[in-house]
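Novice: We have chain U already, so just place chain P on it with the hints.
Chains as they are written, first to last, in the numbering used here: chain U, 2 to 65; chain P, 2 to 364.
If you are wondering where the hints come from, they were derived from the structure by calculation, not from laboratory data. You may find that some hints are simply not true.
Here are the simulated DSS-like pairs of lysine-lysine, each with C-alpha atoms no more than 25 Å apart in a straight line [stated by the list, open to error]:
#, chain 1, residue 1, chain 2, residue 2
1, U, K44, P, K276
2, P, K6, P, K21
3, U, K40, P, K292
4, P, K221, P, K40
5, P, K284, P, K40
6, P, K43, P, K276
7, U, K20, P, K43
8, P, K197, U, K44
9, U, K54, P, K221
DEER-style ranges, computed between Cβ atoms [what the hints assert, rightly or not]:
#, chain 1, residue 1, chain 2, residue 2, range
10, P, G34, U, G10, 25 to 35 Å
11, P, D215, U, D26, 27 to 37 Å
12, U, E23, P, T262, 40 to 50 Å
13, U, Q14, P, P250, 31 to 41 Å
All figures in this text were calculated on a predicted structure; none of them were measured in a lab. In this text, a Cβ means the ideal position worked out from N, Cα and C, and glycines have one as well.
Single-letter residue listing:
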Amino acid sequence: MEELLEVDGGTLQATVELKSLEQWDSLAFVSFLAMADSKYSVKVAPSELRACKTVGDLMKLVSK
Amino acid sequence: MATTKIQGVRIAGIASAVPKTIRDIADMADKFGVEDVQKIIKSTGVERRHVGSPKLCCSDLCCAAAKKLLQDLNWEPASVEALIFVSQSFDFLCVPATSCVLQMRLGLPKTAAAFDVALGCSGHVYGLWIAANLMAGSGFSRVLLLAGDVSSRFASSQDRSTALLFGDGGTATALEKDANAPVLTFSLGTDGSGWKNLIVPAGVQWSRIPRNADTQIRQKTEANNWRSQEDLFMDGAEVFAFTLREVPPLISNVLAASGWTRDEVDYFVFHQANKFMLTHLAKSMKLPLPKVPFSLKEYGNTSSASVPITINSELAEAIRTRPLKLLLAGFGVGYSWAACTAICGPIVAPPVILVNESEAWQC
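Only chain U is shown next, with the shape it has when bound in the complex (with noise of 0.2 Å):
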């Protein structure tokens, strides 16, 4: 997550809203759908992508 975020090892926590982090893009967006896919294994639908305003909504999308 850090590294798709583009931010240092440990210093992201659950709490970080994502509209405060630059690189929240559409980019990242796409990012994360691709690896929910490929290292959970979870079809993340971009409504529910969408609807996360925290880093650990985030984690909750992939830890179902």
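Specialist: Relative to chain U, chain P alone:
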């Protein structure tokens, strides 16, 4: 997913044509910023595209490809019994069919059947399915399939989600009856619920969203892009999610129907959507990347022309000299998808043809 097997039809040749004019994506840095453009190039894999002026229609590119193909095959135009034009870039928006005009321009006989099919990314493979079925059912022995689009013109020049991706291309594929031809196996599908994720919303005065003075006004959208109702809209995330859902089963399905294993395929020729998507799909299906040719770098996403362009640019030498076990697949706008397995070659496959602006039809 529906599958079809066709016996006795052979792909005799494939030719592709693009406008001579090249546009480098890096030149768009003035508009979108160096960093954004570099990021987009890295993701899409598109470094340049061949883009014509509005005068150079898709039919002009297809016409150039068809003429070269007929010549190389040594086929008299009079021997062609049907012409299928697959495109979403017609000469005239609705009337008459571009295929009828192409019958005249190519000098095909009046006894020939000609019709248009309005499909995009899935179009070439879909067209092969139509042509092969037509030949199996009608006794026609020579059919020309023309497929292409000039999608670069649908995109707003101020929309980074589309302006840096699409190129123009027109192709011709010749099919011939041949009792000894290997079986062609097809698998196809449709999901119209994705209609709004790749769309030019406003058409003419009488279409679902009628064109008017307001529909041509570009408005600022998310991520600082500008586009109007008459420009192409693409929801990249939705389209990506669709391919993750549908493409792996499509590939498995067509392989199972043909009795082929993944390993025996020489090349998986996919619609050139974008590099990120194709690389991910190839990895998730465990396909070795050297077996997945890319032509995006030079030509961009050319809609229904992308499968033949990839054959003419990346596989021409191989396919001219020996039989290749190919899996062709197109997927996207509609949503619509189609895949085909074919043992193809040696066939006529000239290098990609460059078309001058002066070759536009002077009607």
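Novice: Against each hint, give a clear statement of whether it holds in the structure.
Specialist: Against the structure, the hints:
| no. | hint | in the structure |
| --- | --- | --- |
| 1 | U:K44 <-> P:K276 | 20 Å, holds |
| 2 | P:K6 <-> P:K21 | 38 Å, violated |
| 3 | U:K40 <-> P:K292 | 23 Å, holds |
| 4 | P:K221 <-> P:K40 | 21 Å, holds |
| 5 | P:K284 <-> P:K40 | 21 Å, holds |
| 6 | P:K43 <-> P:K276 | 8 Å, holds |
| 7 | U:K20 <-> P:K43 | 23 Å, holds |
| 8 | P:K197 <-> U:K44 | 20 Å, holds |
| 9 | U:K54 <-> P:K221 | 23 Å, holds |
| 10 | P:G34 <-> U:G10: 25 to 35 Å | 28 Å, holds |
| 11 | P:D215 <-> U:D26: 27 to 37 Å | 29 Å, holds |
| 12 | U:E23 <-> P:T262: 40 to 50 Å | 46 Å, holds |
| 13 | U:Q14 <-> P:P250: 31 to 41 Å | 38 Å, holds |
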